[in-house]
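Q: Taken in sequence, the protein lines are chains Z and H.
Residues 2 to 223 in the working numbering are what the first sequence spells out, letter by letter.
Residues 374 to 684 in the working numbering are what the second sequence spells out, letter by letter.
Don't read these hints as lab results, they were simulated from the structure.
Treat each hint with caution, since some may be false.
As the list claims (entries may be wrong) - With beta-carbon atoms standing in for the labels, derived distance ranges:
#, chain 1, residue 1, chain 2, residue 2, range
1, Z, Cys133, H, Gly585, 37 to 45 angstroms
2, H, Leu445, Z, Gly127, 56 to 64 angstroms
3, H, Ser601, Z, Trp128, 16 to 24 angstroms
4, H, Glu525, Z, Gly211, 21 to 29 angstroms
5, Z, Leu221, H, Ala404, 56 to 64 angstroms
6, H, Gly471, Z, Trp128, 29 to 37 angstroms
We treat Cβ as the ideally placed atom computed from N, Cα and C, and that holds for glycine.
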Amino acid sequence: MIRAVGKPIEEIIGMVQDFNKLLIAGCDGCVTVCEAGGLKEVKVLAAALRLYFTQAGTSKQIEETSLTRQCDKEYLAQLRDSIDGYDAVVSLACGVGAQFVADMYTKKVVFPGVNTSFMGATEERGWYVERCQGCGQCILAETGGVCPIARCSKRMLNGPCGGSEAGKCEVAPDIPCGWELIYERLKTLGQLDRFEKPVTPKDWTTSRDGGVRKILREDLRV
Amino acid sequence: MTTYSAGSNLEKIFKSGKKAVTGECGPPRGADAEHFRHKANFLKGCVDAVNVTDNQTAVVRFCSLAASKILLEMGIEPVMQMVTRDMNRIALQSNILGAAAMGIKNLLCLTGDHQSFGDHPQSKNVHDLDSVQLANTLRMMRDEGKMISGTEVQGRPQMFIGAAANPFADPQEFRVVRMGKKIAAGVQFIQTQCIYNMERFHKFMEMANDMGLTEKAYIMAGITPLKSVGMANYMKKFVPGLDVPDSYITRLKGVPKDKQAAEGIKIAVEQIHECLAMKGIAGIHLMAIEWEERVPEILETAGLLPRPTVS
Numbered sequence: 002m003i004r005a006v007g008k009p010i011e012e013i014i015g016m017v018q019d020f021n022k023l024l025i026a027g028c029d030g031c032v033t034v035c036e037a038g039g040l041k042e043v044k045v046l047a048a049a050l051r052l053y054f055t056q057a058g059t060s061k062q063i064e065e066t067s068l069t070r071q072c073d074k075e076y077l078a079q080l081r082d083s084i085d086g087y088d089a090v091v092s093l094a095c096g097v098g099a100q101f102v103a104d105m106y107t108k109k110v111v112f113p114g115v116n117t118s119f120m121g122a123t124e125e126r127g128w129y130v131e132r133c134q135g136c137g138q139c140i141l142a143e144t145g146g147v148c149p150i151a152r153c154s155k156r157m158l159n160g161p162c163g164g165s166e167a168g169k170c171e172v173a174p175d176i177p178c179g180w181e182l183i184y185e186r187l188k189t190l191g192q193l194d195r196f197e198k199p200v201t202p203k204d205w206t207t208s209r210d211g212g213v214r215k216i217l218r219e220d221l222r223v
Numbered sequence: 374m375t376t377y378s379a380g381s382n383l384e385k386i387f388k389s390g391k392k393a394v395t396g397e398c399g400p401p402r403g404a405d406a407e408h409f410r411h412k413a414n415f416l417k418g419c420v421d422a423v424n425v426t427d428n429q430t431a432v433v434r435f436c437s438l439a440a441s442k443i444l445l446e447m448g449i450e451p452v453m454q455m456v457t458r459d460m461n462r463i464a465l466q467s468n469i470l471g472a473a474a475m476g477i478k479n480l481l482c483l484t485g486d487h488q489s490f491g492d493h494p495q496s497k498n499v500h501d502l503d504s505v506q507l508a509n510t511l512r513m514m515r516d517e518g519k520m521i522s523g524t525e526v527q528g529r530p531q532m533f534i535g536a537a538a539n540p541f542a543d544p545q546e547f548r549v550v551r552m553g554k555k556i557a558a559g560v561q562f563i564q565t566q567c568i569y570n571m572e573r574f575h576k577f578m579e580m581a582n583d584m585g586l587t588e589k590a591y592i593m594a595g596i597t598p599l600k601s602v603g604m605a606n607y608m609k610k611f612v613p614g615l616d617v618p619d620s621y622i623t624r625l626k627g628v629p630k631d632k633q634a635a636e637g638i639k640i641a642v643e644q645i646h647e648c649l650a651m652k653g654i655a656g657i658h659l660m661a662i663e664w665e666e667r668v669p670e671i672l673e674t675a676g677l678l679p680r681p682t683v684s
């Protein structure tokens, strides 16, 4: 799932201060799960902004809402009747959702309220870790179910670099070495022989390097 | 008659059966070529080839291609280092061709330290290829006349292919396997990370011998003399994948401060002798970091001078 973190309140204040009627729009999808942009965070942000602007002697109209998903047009369309009542929207959805709001409501100023971070899993509540970089050509079958693209800081494909020490990455002691994880997993699975075979250069055209990506599923289109 | 893949001095020394010695010279953080020449001059005639680092520790320096060319002009054979951190396969292959065109005959294929260690931690890294893939790319270009894309190379780059190995990184048991992977990809000589833990290095070499790797590639033991207790502590704490045993630190502490450098050199010479006595060691890679002026003395003391000439 997509993981995001709320932007610092000072940054959001800086973005919205010249606008009087604001809509804070959350998303019930990924950002709700990681507690960065759901209805709860919408309410917290709206309250903080109201408090700040009241204390600053500025009167602003700040409304709250959250949509089932901001990355689907049918849910975004629910804003159609009310959107003209606002000067700007602060979207707490991921970057995809925020852009889709801007796409649909072309005359509306849209601000991002979160920093979209990565595709990751919930290790524990409040602790999210990246697991996939969406390279478009999954190699997990070769690497014991641990992705070296997402979990090796150098995206190495032929084993750990010389900076792997005691299971940790050279970049920071709190990052597990992805290749150490792969190694241990392959050992457990009895597949260490996979390690010895050189892996050829990856075709990155399915990653972001191939340009803006799209999926066209003729079977789903009507 | 011996056949050579590149015909570099380094390759010839190895193939003559003599122990090879390489040095290292890091380009400066600026365009001061004189400073680089000054440092390199200490190594001239003392070593068979000189490694030129490629933005080592991810700190911007003048490029290894230019520095290698300067060495060539000085009559010193370069081992050009190339990391995959900063260039994609287009730039890497382009630089290989350019380097070969200028007469550079040794290339060391590396992945490179992560940019978080360097002076531009905000930069993007590339890592389109890793070191194994870079070595394989050079082998393909040289031996099959093909680029990664399959495009034919017009004029094959005649280069002797090297790589690094770190016997002290983890997972320990995999380190030799990884070196084997590099050799299978086309690597002909290996320079190890700085060795301090001799016991662990002995084990590494035993495994390398058992796997037959010392028959397939020339392995050079990496030695970096310790200048002081401060340097030893720094290497132990901050350099990724380095293992400095306390016994060396204790030894350096045991002599007056003005004698620590001499003691460091004594340790280095002992290490050189111990490494050269190991089965499968084909040479020494002496990395006297910002201490190039002491290289002649170290090699003289170690009995490695004068260097052999091969034709």
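Q: Hints first: check each against the structure and report whether it holds.
A: Here's how the hints hold up against the structure:
At roughly 39 angstroms, the beta carbons of Cys133 (chain Z) and Gly585 (chain H) sit within the given window of 37 to 45 angstroms. For the pair Leu445 (chain H) and Gly127 (chain Z), the beta carbons lie near 57 angstroms from each other, so the given range of 56 to 64 angstroms is met. Judged by the Cβ atoms, the range 16 to 24 angstroms given for Ser601 (chain H) and Trp128 (chain Z) is violated: they are separated by roughly 42 angstroms. Checking the proposed 21 to 29 angstroms range against Glu525 (chain H) and Gly211 (chain Z) shows it holds: the Cβ atoms sit about 25 angstroms from each other.
Distance hint for Leu221 (chain Z) and Ala404 (chain H): a CB-CB separation of about 58 angstroms, consistent with the stated range 56 to 64 angstroms. The hinted window of 29 to 37 angstroms between Gly471 (chain H) and Trp128 (chain Z) is violated, with their beta carbons roughly 47 angstroms apart.
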